[in-house]
Amino acid sequence: MNHVDQTAGGADSGCSPSMRDGMVASMKILLIEDDLEAAAYLTKAFREAGIVVDHASDGESGLFMGSENSYDVMIIDRMLPRRDGLSVISELRRKGVHTPVLILSALGQVDDRVTGLRAGGDDYLPKPYAFSELLARVEVLGRRKGTPEQDMVYRVADLELDRLSHEVRRGGKEILLQPREFRLLEYLMRNAGQVVTRTMLLENVWDYHFDPQTNVIDVHVSRLRSKIEKDFDQPLLKTVRGAGYMIKDEG
Amino acid sequence: MTTFRVLYKSTAVRLSALYIVLFAICAAFLVFYVTALSERILGQQTQDTLQQEVSDIQRAYGRGGMNAMLRMMERRARQPGANLYIIASPTGEILTGNVASVEPGVFETEGWTLIPFRYERYSEGGATTDKHQANGHVFVLDNGLRILVGRDLGEPQKLRFLVRRALMVALGVMGLGALVIWFGIGRNALKRIDRMSAASTKIMAGDLSQRLPVGGSGDEFDRMSESLNAMLGRIEKLNEGLRQVSDNIAHDLKTPLTRLRNKAADAIGRKDEDGRRAALEGIIAESDQLIRTFDALLMISRVEAGSVAAEMSFVDLSAIVADSVELYEPVAEEAGLSLVADIQPDVGVQGNRELIGQAIFNLIDNAIKYGVGADAGARIRMRLVKEEGGIRICVADNGPGVPADRRDEVTKRFVRLDESRSKPGTGLGLSLVEAVMELHNGRLELSDTDPDNAVARGLTATMVFPAPEQ
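First to last, the protein sequences are chains A and B. Each residue of the first sequence is one higher than the one before, counting from -15 in this note's numbering. Each residue of the second sequence is one higher than the one before, counting from 30 in this note's numbering.
For reference, chain A alone in the conformation it holds in the complex (with noise of 0.2 angstroms):
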């Protein structure tokens, strides 16, 4: 427990994401979550996907071991006995801990996001929630792997993306976007080789954060995508089912 992967942790480095891909660790998260029947579903579920998950099950010993040992990620359910998950956040934000943690909620109330990403939550899940969708953000803010935020231009195989300039270019080839679209691919792309949601585009594209019970996500990515594989041989941008999608080099 005391062992932990620091250069896993530093996505930041400057390491190349090549050299990065080569290397990922298992994850470390620590969830703190009351709830022992969803505690254990969560960490076998997490184990499968090859995250290594420690547990407390109240705010006083998950502010223990949150302070104690270093994590990629932290899951804090909002309420919790001893302490409340919030002030468990801003006191480990205080001790200068400031690993991502992800709020997940009961309460679901509209201005949970807000009081929860004020008290220093970096992500924010209603519950009921799927799965996939946990663990798709958990992998985003833990960031293994994508593109580090300082980059400039964004590459995956031979598609550039320059958020300078606003151009993309596969292969030479300028390829024209909306707005929009280029949001989204870029989204896409900072996050490449990571499962984003439906709700997770919806929400850092069009800063809506509800499920889309629709289509409506699915028919934008759809356009995104023939336009940047329309003339090209490899794909790209994949459907991941049950989850979302991931944009990938496969080559």
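These are calculated hints, taken from the structure and not from any lab test. Ideal Cβ placement from N, Cα and C applies to all residues, glycine included. Incorrect hints may have been included.
Taking lysine-lysine pairs in the DSSO-like style, the calculated list, with each CA pair at most 27 angstroms apart, reads [unchecked claim]:
1. B/K441 x A/K111
2. A/K28 x B/K300
3. A/K211 x A/K222
4. A/K28 x A/K157
5. B/K283 x A/K111
6. B/K441 x B/K398
7. B/K231 x B/K266
8. A/K157 x A/K222
9. A/K111 x B/K292
10. A/K28 x B/K292
11. B/K266 x B/K441
12. A/K222 x A/K232
13. A/K214 x A/K232
14. B/K231 x B/K220
15. B/K283 x B/K398
Which residues of chain B face chain A? A few of them, derived with a C-beta cut under 8 angstroms, are [unchecked claim]:
16. D317
17. R321
18. F323
19. L326
20. E355
21. Y357
22. G386
23. Q387
24. D394
Output of the computed footprint for chain B on chain A, the stretches with three or more beta carbons under 8 angstroms from beta carbons of chain B [said to hold, decoys possible]:
25. 181 to 195
26. 198 to 212
Position chain B relative to chain A; hints supplied.
Structure of chain B alone, referenced to chain A:
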């Protein structure tokens, strides 16, 4: 007696009793004040008259001596309702006058008699029995004779007596009347309250269709009954809605759960890996749909409970409508519809952006799902306009529309007019829109897009926000 005790307990009766007591006190004060004032004025007048008499007599004495004075006094004494005129010796014996005797000591002090004195008057038969009281002015002549000019106090006393009797009678009548009215009102009120409690007992027993009796006179009781009845109506409606919701939930969740179960059974039975995988994926999709339904249900109840009201801020409606057009335009196109929008710029309200966004998305979603009935040129028109009566966001399709008599129904939870449930959806979309509009003090209006078109009347759903206060 018990009736009285109950009567006394009633607030109305106690209040009216209090009013009567207060009124009586005021009336008594008024009457005493009026008598006191009139007595004072009367007394002043008596004094003035007597003063006049005294100076007249003194002048007569000065001009014509004893004889002239006596003549004048005699003349005046003979007039009806005359004052008292007495001439007494220096020792106080009455020498002459229209008075038989006076209380001893009256002549001793000159000037006004401070206290009324008693005197006896000659009566008709010459007997000296009548006893009276009078006030007077005594003066002494230079020959030592004492003259008293006085006035009987009978008149003011009679006045005072009259006024007091009138007051007593008035108070008596008032008290009696009040008692009768009090009893009448109280009994009437009690009867009505009895009827009301009888009705509320039935309501408590669970019969929410009961209403409190309304007399029709429009009095306080009627007003109270009416407002309580309105409340009961609302409760009944909510209760009915709740019952319907739980019925619908039970029904609408049973179906997917059964499907889920069947798919799971199917997955177990599958030997081939691909088939099993497909069955499991079906289970996931089915579960996701269930989760969505629950999410939507929770969201609606939260919105209805108003617990999201704290998250209100300025919302740029023009931007949201533009977003929604941008988001749904490809979807509509894919479904074979065109989506056109007419957006007035810079329109905003205080509200919750997420909820308003979701409501608009739901309306467009419905329009796409149900607006495809038209043969050619299926089209969704969106409009955002700020008018005097409020801000309107219209989403109009030219599909088959919703018959006017079923429009109330479609906003209810789980109600879907398409009985086959062939289109995907939770049946909660319009319920959420309605809840969101209620949260924003607005409303959802449903109307025909083209009432003259029998086949494709189309549905126009309009979110109406109240006009922002200036």
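Q) Taken at face value, is the distance from the CA of B/K441 to the CA of B/K266 at most 27 angstroms? A) 12 angstroms, holds
Q. Between A/K28 and A/K157, is the straight-line Cα distance small enough, at 27 angstroms or below?
A. Answer violated: A/K28 to A/K157 is near 45 angstroms, above 27 angstroms.
Q: Measure nothing beyond the straight line between the CA atoms of A/K28 and B/K292; if it is 27 angstroms or shorter, mark the hint as holding.
A: 24 angstroms, holds
Q. CA of B/K283 to CA of B/K398, is that 27 angstroms or under?
A. 24 angstroms, holds
Q) Going straight from one Cα to the other, do B/K231 and B/K266 come out at no more than 27 angstroms? A) 18 angstroms, holds
Q: Given the hint that B/K231 pairs with B/K220, test it: the Cα-Cα distance must not exceed 27 angstroms.
A: 17 angstroms, holds
Q: Would you check the hint for B/K283 and A/K111, treating anything up to 27 angstroms between C-alpha atoms as holding?
A: Since the Cα atoms of B/K283 and A/K111 sit roughly 21 angstroms apart, the hinted pair holds (cutoff 27 angstroms).
Q: Would you mind confirming whether the straight-line C-alpha gap from A/K222 to A/K232 stays at or under 27 angstroms?
A: Holds, at roughly 7 angstroms.
Q: Given the hint that A/K214 pairs with A/K232, test it: the Cα-Cα distance must not exceed 27 angstroms.
A: Cα-Cα ~16 angstroms, so holds.
Q.
Given B/Q387 as an interface hint, is its Cβ closer than 8 angstroms to any Cβ of chain A?
A. Holds. Min distance 5 angstroms.
(Q) Tell me if the interface restraint on B/Y357 is satisfied: Cβ within less than 8 angstroms of some Cβ in chain A. (A) 6 angstroms, holds
Q: Could you check if B/L326 really has its C-beta closer than 8 angstroms to a C-beta on chain A?
A: 11 angstroms, violated
When the structure is compared with the earlier hints, violations turn up for hints 4 and 19 and for no others.
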